[in-house]
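Peer 1: Here is how the chains run, residue by residue.
Protein chains: 2
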Amino acid sequence: MEPIDIAKASKEAFEASQAVRHNERVDALSKIKDALRHNKATILEANKLDVQAAAEEVNAGRLSAPLLKRLDLTRSDKWDSMLQGISDVAALPDPNGKVSYASELDDGLRLHRVSCPIGVLLVIFESRPEVVVNIAALAIKSGNAAILKGGKESLKTTTALSDAIRSALSQTSLDKNYIQTVHSRGEISSLLELDKYIDLVIPRGSNALVSSIQQNSRIPVMGHADGLCTVFLDATANKEKAIRVVLDSKIDYPAACNAAEILLLHTDLPKEIWTSVATALLSHGVQLRCDAPSLALLASDPSVASLPTFSTHVLEANPSSDFTTEFLDTILAVHTTPSLSSAVSFINSHSSHHTDSIVTESESSASIFCRTVDSAGTFVNASTRFADGFRYGFGTEVGISTGRIHARGPVGLEGLVIYKYVLRSEGSAGHIVSEFGVGEGKRAFKHAPLGSDSIPAGFDIV
Amino acid sequence: MEPIDIAKASKEAFEASQAVRHNERVDALSKIKDALRHNKATILEANKLDVQAAAEEVNAGRLSAPLLKRLDLTRSDKWDSMLQGISDVAALPDPNGKVSYASELDDGLRLHRVSCPIGVLLVIFESRPEVVVNIAALAIKSGNAAILKGGKESLKTTTALSDAIRSALSQTSLDKNYIQTVHSRGEISSLLELDKYIDLVIPRGSNALVSSIQQNSRIPVMGHADGLCTVFLDATANKEKAIRVVLDSKIDYPAACNAAEILLLHTDLPKEIWTSVATALLSHGVQLRCDAPSLALLASDPSVASLPTFSTHVLEANPSSDFTTEFLDTILAVHTTPSLSSAVSFINSHSSHHTDSIVTESESSASIFCRTVDSAGTFVNASTRFADGFRYGFGTEVGISTGRIHARGPVGLEGLVIYKYVLRSEGSAGHIVSEFGVGEGKRAFKHAPLGSDSIPAGFDIV
Chain A
1 MEPIDIAKAS KEAFEASQAV RHNERVDALS KIKDALRHNK ATILEANKLD VQAAAEEVNA
61 GRLSAPLLKR LDLTRSDKWD SMLQGISDVA ALPDPNGKVS YASELDDGLR LHRVSCPIGV
121 LLVIFESRPE VVVNIAALAI KSGNAAILKG GKESLKTTTA LSDAIRSALS QTSLDKNYIQ
181 TVHSRGEISS LLELDKYIDL VIPRGSNALV SSIQQNSRIP VMGHADGLCT VFLDATANKE
241 KAIRVVLDSK IDYPAACNAA EILLLHTDLP KEIWTSVATA LLSHGVQLRC DAPSLALLAS
301 DPSVASLPTF STHVLEANPS SDFTTEFLDT ILAVHTTPSL SSAVSFINSH SSHHTDSIVT
361 ESESSASIFC RTVDSAGTFV NASTRFADGF RYGFGTEVGI STGRIHARGP VGLEGLVIYK
421 YVLRSEGSAG HIVSEFGVGE GKRAFKHAPL GSDSIPAGFD IV
Chain B
463 MEPIDIAKAS KEAFEASQAV RHNERVDALS KIKDALRHNK ATILEANKLD VQAAAEEVNA
523 GRLSAPLLKR LDLTRSDKWD SMLQGISDVA ALPDPNGKVS YASELDDGLR LHRVSCPIGV
583 LLVIFESRPE VVVNIAALAI KSGNAAILKG GKESLKTTTA LSDAIRSALS QTSLDKNYIQ
643 TVHSRGEISS LLELDKYIDL VIPRGSNALV SSIQQNSRIP VMGHADGLCT VFLDATANKE
703 KAIRVVLDSK IDYPAACNAA EILLLHTDLP KEIWTSVATA LLSHGVQLRC DAPSLALLAS
763 DPSVASLPTF STHVLEANPS SDFTTEFLDT ILAVHTTPSL SSAVSFINSH SSHHTDSIVT
823 ESESSASIFC RTVDSAGTFV NASTRFADGF RYGFGTEVGI STGRIHARGP VGLEGLVIYK
883 YVLRSEGSAG HIVSEFGVGE GKRAFKHAPL GSDSIPAGFD IV
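Sequences listed follow chains A and B, in order.
FYI, in this note's numbering the residues of the first sequence are 1 to 462.
FYI, in this note's numbering the residues of the second sequence are 463 to 924.
By construction, these hints were calculated from the structure, which means they are not laboratory data.
Quantities reported herein were computed from a predicted structural model and do not represent experimental measurements.
Be aware that one or more of the hints could be misleading.
[Said to hold, decoys possible] Below, in silico cross-link-like pairs of lysine to aspartate or glutamate (DMTMM-like), each with a Cα-Cα straight-line distance of 20 Å or less:
1. B:502 - B:539
2. B:658 - A:326
3. B:908 - A:388
4. B:701 - A:426
5. B:560 - A:414
6. A:69 - A:80
7. A:239 - B:888
8. A:442 - B:714
9. A:442 - B:850
10. A:98 - A:414
[Claimed, not checked] Only part of the chain B face toward chain A is listed, based on derived beta-carbon distances under 7 Å:
11. 481
12. 483
13. 581
14. 706
15. 832
16. 834
17. 848
18. 867
19. 868
20. 871
21. 883
22. 884
23. 891
24. 895
Beta carbons are placed, not taken as given, at the ideal position from N, Cα and C, and that holds for glycine.
Pulled out of the complex, with its shape left as it was, chain A reads as follows (with noise of 0.2 Å):
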């Protein structure tokens, strides 16, 4: 199929699809899972053949190691998660049908607004096949249809995880192109310009894929491009904290995109504190790339300057790149700031807007620091790695979204959901506007709230 016909049968889908039930959708995910089961031996047979092709890749140095480990769906307990990840999804609440604003606005004239699915997304990933299944749970439990793209080396993977998928949605009320995939950039290119379909764009994976999309589509795009994220050490910070959160920020996973890349140090800090931070780093081979005062401190403290690491680990940093780079490896910048409102000024304009993260006793600093840090999350003596949708308790992760508007921070279900009004008339004539407003004959709206749980008749069919 063209890309504009694939975009138009998602849409026919999508539409087809809101008078499904939520039961039927739970029902559709089960079948996903046993087609899954059943074709397991195809599955893995198709996967084999891309892990051998991708092996050569990198025994020829065109592709790296760590993408192998990814794309190998029989690695570990890989396929018995993938398979429980579809019953955790199915087990969610329905994000459907939850009322957020509910007024009688007149005798029988009840308004409700009520969460409803968005349409048709579009989701790009890179080599992990297993996203292809995540993905359809996701877009199939929250009642949106989905077009997928994954990594080219995981083609024959995704080709036969869709067809799965498919031939259980055959056996559904839901219509097979609920979920389609699409294998190509050019497809990618045309169907990121078809925003009379397409509703919403995910992509998940490099910076590069992302700041490609963001900078391609007028669709609009949920995710993030950089995890820039930083931890302040303000003047007060309590030494065991500074060096638990500042550790465990950095490098629990440094190649995340909730690590911290970034420290900055009041410059009213003890310097017993900076040092004993920069000695536990560098004791887990972390390198520092500080600013002058930070490296001065460092070098004139003989229990540092003379660790064997000191001078592979403690380096200058590059005032023009290492504060705007997103490491994704154990390297940390370190950057000195004379006030509160310098390190918030600082993380405002340097970090990505991801998480940031202040260690401190003053109730006052946390305070204006989570209150004028303009970012999706903003910690208290907390490692930025809590940044996540698992952790936070949504149950999944859609994605991480540095954007303004509709969802920001780790997505859960809910990020994949708008709302609509419905507004019904009890009245024995109808409801007409010519009768309210004021002088003679009018009548004054009522504005009366509603219980906020009452489903309007209108969704009995959820």
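Keeping the supplied structure of chain A fixed, place chain B upon it in accordance with the hints.
Peer 2: Showing chain B alone in chain A's frame:
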């Protein structure tokens, strides 16, 4: 200033304002009202010059007369309404600091999702100069900075209004650059590229204005280009409701985006209901552009065919244009459809996803219509004209959105906020993620819901 400097100054003013308390924002609104009162003579003098210049353009046939009305600040109670609007916005509840998710992740580790401003708004409008005041009030109330551009014909007025606003701001905790105005299309073109500094574009005006902005910016746009609303008369429609709802939807204010442009008739609708609806519309001067079946029914009814306006106001519809045109006039396109599901498909493919209404006595039809019509408003036995922020009870209206993310339908102050996650550790050693998980020494997350009315300590400066 160059556009880049305007945008940067806005972002700086926004960031600096995040510690400003709500009562100071309300106070700023009061100071703006005073400044406008104080500068009334200057402002009306500027407005007089704009009106005189526009009158010459109208006389020369280069501007439309209604534009002249919209420009004139001295007409009826426009000035007083403008000032009253500031007080009305000031009196609304603060949309910020609302907790929508609160969970104790672990003992002493509390997560709150708290509403907060989006950032910098770029608002582009056309001839009504009082929109400057209206938007400035909404922006200040909601904590967003704003850059405003009005039509060139209102330049002197908007400049005078803006000067008064900025002089008032200079006596408050807010930076005077919190509200800025620009005047040229060239500046707008440049600003639309500055997605680093501008977070949301709100165009208020013609279809052409909105479409052009949607096509030319990567910054999220909130608004609607078309308002193509439909009323569907189901087979079971009640005659009185049908006449009242169709008439009100069409003639209450034909130039509004929530006026109906399309009437759909179920083929099983009693002929007598359709001829009565048509007669009522014709008696109000509405032109009907009918498909063949609906036209045949009217032509075959002597009481309609004998009406003096039958030949001039009952026309054959042009199927390639009349069902996709926002007439904004006393014209209604009429289409016959054999079923509820065909009506829904017709609406989903022809309407602008704004507001659509069904007239029916069938609970099942009402329910399926509301669920499957993919529009911001789905109404039952009520006029499409109810789709309005004031009628919905929001106290104000930022605009009406036909987008599928963030805000949909009439948008109140809530549409100008997003949220951030505030995570605070009260633990004696801070909180780090490496202590959570499975295995020796690891613990599980608690994820205990917290009362959603608890404002986190980090937000006590609100």
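Peer 1: Find the hints from earlier in the document that the structure breaks and name them by number, from lowest to highest.
Peer 2: Number 12 only.
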